[in-house]
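Could you put together the complete structure from these sequences and hints?
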Amino acid sequence: MKGRPELYTSYAQDMAFLNTRPKRAWTGGLVILALVLPFAITDDLLQLLATGFVAAIGAIGLNIVTGYAGQVSLGHAFFLAIGAYTGAALSGSETGRVIGFGITSLPIWLLASGLVAAFFGVLVAPVAVRLRGLYLAIVTLGLVFLGEHVFREWTSLTGGPGVGRPAAVPELFGVRLDQDNAVFTAAQQLYLVMFVLLVIFGVLARNLVRSRVGRAFAAVRDRDLAASVIGVDLTKYKVLAFAVSSFYAGVAGALLFVMNGFFDPGSFSLLLSVQYIAMVLIGGAGTISGAIMGALFITLLPRITRELPAVLPFISGDATGAVTVFQVEAVLYGVLIIVFLIVEPRGLFGIWVRVRNYWRTWPFSY
Amino acid sequence: MTTTVVTRVKNRAANTPDQIAMRAKDFGIWQEVSWAQYWANVELVGDALLSLGLQPGDRVAIHSENRREWLYADLGVVAARGITVGLYPTNPASEVAYLLSHSGARILIAEDQEQVDKALLVLEDTPDLEWIVYLEPRGIKGRYDNPKLLWWDDFLAMGARYRDSHGDELAARMARTSPDDVMTLIYTSGTTGPPKGAMLTVANVEFAVHVLVEGGGFTSPPPSSTDVTLSYLPLCHVAERIFTTWFSAASGVQVHFAESIETVQANLREVQPTILFGVPRIWEKVLAGVTIGVSSASWLKRSVTRFWLRRAESIGTTLVRTGGEHTGSSRVTYALGWLFCFRALKARIGMRYVRYASSGAAPIAPDVLKFFMGIGVPMHEVYGMTENTAVATGNRPGRVKVGTVGEPQPGIELRIDEETGEILTRHGGTFAGYWRDPEATSRVVTDGWLHTGDVGEWVDGTHVKITDRMKDIIITAGGKNIAPSELENALKTSPYIKEAVVIGDQRAYLVALIGIEYETVGHWAQQRKLPYTTYRDLSEKPEVLELVQTIVTEVNAKFASVEQIKKFRMFPKELDHEDGELTATQKVKRSALGKMFDDLVESMYG
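Same order as they appear, the protein sequences are chains A and B. Going by this note's numbering, the first sequence opens with residue 294, and the numbers climb by one from there. Going by this note's numbering, the second sequence opens with residue 898, and the numbers climb by one from there.
FYI, nobody ran anything at the bench for these hints, they're computed from the structure. Virtual Cβ for every residue (Gly too), placed ideally from N, Cα, C. Treat the hints loosely; a few may be bogus.
What the hints assert, rightly or not - FRET-style restraints, in silico, Cβ to Cβ:
(1) A/R505 - B/D1051: 28 to 38 Å
(2) B/G950 - A/N650: 56 to 66 Å
(3) B/G1039 - A/R425: 34 to 44 Å
(4) A/N312 - B/D1334: 27 to 37 Å
Claimed, not checked - Chain A is nowhere near these chain B residues, computed Cβ spacing over 12 Å in every case:
(5) D1050
(6) W1355
(7) A1380
Following this line, the structure appears as structure tokens:
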């Protein structure tokens, strides 16, 4: 009924995608801002933001399996790698040094990357059905090392360590997105495409988690035994969580290096997994918008630390010197995770919720 | 055909079948009932009653919280020309026995296992009772095998079968309704003696609907189908019956049923009604909630809100002076306050869209009214009683006089007896008498004048001010007449005091028994790191006594020396309907209290 946001007359209204007016206003405002941005800021920043959007897709994926379904996965880098190599091999051209099939249409190789990664996710999932918590973390950790070895040795696919291969070729309706054209620069095009993809995958994920499937995930996370007692099929939903999560990882992996144009098998180390865990934790586990916030935050962090030497002269800008920006970055990284875990376990999203609640409960405190 | 509440619903179902008549919350969702569904259910109940052999004038009791089925049953009974008897959900088994046997109800519609158990317990004392229809099967169906039990769904199915085999017999029965048919028995709470059943006829109710609903006596301008109400006070009370059943039937107001009395505040927030009726206890509780909310808010919120609440107080004072019309400066102040505080505050207490709020059924302290007027809830005190179908007086928007119960409703006769000061009314809403008690009837109605039992006086020749219930007036040993309710309400304005009973009839000075508001005082104690265990423990803490003493001293300052409370004692327990200390409408039973806490009272005169 009009003017009564808390009076729900149907479940559809209760679970609506954007169920309150402020939410609609905020979302609309942010989308407009994001669409105006490419015409206001420089290309190098756009590139960084585009990378952030891709990372956000990956973080949403990890959040589905870890934040919603509660299955700790350290193997995200492995699934990212699968996506990245599927995309690169499908769209790249055969050079003699590395393989390539020359299918440059973005929708095709993107979907394929997701599906191949999802396939591996489904292969791993049965382990998750039997294991829980730390044990599952160790098994998924194993995946990363397995992957590292394979990608190092399989040089016809990856180009080998220290050499690498070109990333996937983004072409949409015959337009090469990674090349400037009459209307847009490459950075603007990539930014816009990545943004649209993030919106699509964000909406899909949000729809997934507010449905029956999402509620089943949350039930499994809160207590798998209790979930199975109320009729949630554990095997089915754990497999589903891994499949969806690795699909997202595959998609993100395929897109992740498009901005740079080149990548090397060393990128998919444990550090990358940890980075995504950090995105989820700092952003806020169990929320889609939190994953996006976390991904953008972690992606933009290096950019901010690079500015430090100008403010604090004792920090050196290059790899030499007593305190380098890279060390500061690594330290900040750890400190942030610790601080968030202790002070704000619900992450950036939790801070937002707190701000929102402050105004929502006006003029009382609760 | 005689117009009744039932024909009104039938007409609405014919004219606006798809509009929403009511909403009730099931598993978090407000399920909607359209007028067509409403009427279909009423018809089913009517047919089911016919199939059980209900004759015109037979009584059907309803023992339930407010819910959709209450209205279906009530109107179904009236359609079949039966008489509805409402029982309070809090009525203990002994009172259920009295009400069922005194009314001679043939059918009882009981909500759940709790109410069915009460009826089964007293089955021997209620020989007229033939059927117990229960709404909630949980705990009853498949476990109880009393042949009198009948599940609501089966009951409705009987109605459907009866209609198939007998055709529209109900319509024929309805067509024979006469204005003199007794429609409902409303048992008055009875602060003295057992409850008496006031008989209200079809004509009484139509008169009340005409004056109070269509004439805007309780809501001016009159209610319409865009108005929203929350039904939460017991439907067996005449006031809630008006605001729920009759309002919706006569003007299409959308009724929302609160989940329970405990969730009223949360439900108010969801529903945000446009018309809100409350008893003083409810308004006092909301006020106490605001006080606590502010005091426990963070520093910034607290300072801002306190600032605006002080402004609200001065706005309230202005409105009290002008009778509810804003002056230029108060309007500007209010607009600013609305921006920073009042809008959010009203939304939090569920009164953002309230266009007409009223208080009745018991006296209320002027300060409480002033608070609500100040924050922009247009508050009106109204007055009426079961015996005159609640048609007596009401404050009108723009002509409010705080401290009075307003002007007599248009088209009625109201006078104040010169000798006794008693208020008398005479109009078409005067009841047909007490059920099976002509002697009591003749005591209150003479020459068509109803003796209300309330002592009052005229204010400025237009408004009526009620001093107190006639039998509650205290005459001290010094011969001074004192109205205890004024003192008691002044005390109850404090968020820390829930009950106050002033005693002093034939005594040298006034004393009081005081009950604390457990929640707020508990909160107060916690803030002071004061450990406590139970209600009694908390009330007897020296710090709490000190707190109450300061409130009493403050109140005393407003009264003349003979009217001051010299001593007080705390109630050792929370007063309760079950224990016979309160009536079903939560009014204190003075006589019972005097006896129960005799030692406490005597200790103050020792």
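Results for each hint:
1. A/R505 - B/D1051: 28 to 38 Å: Holds, at about 34 Å.
2. B/G950 - A/N650: 56 to 66 Å: holds, 59 Å
3. B/G1039 - A/R425: 34 to 44 Å: holds, 41 Å
4. A/N312 - B/D1334: 27 to 37 Å: With Cβ atoms ~56 Å apart, the hint is violated.
5. D1050: holds, 24 Å
6. W1355: Nearest chain A Cβ is 41 Å from B/W1355, so the label holds.
7. A1380: holds, 36 Å
Checked against the numbered hints listed earlier, the structure breaks hint 4 alone; every other hint is satisfied.
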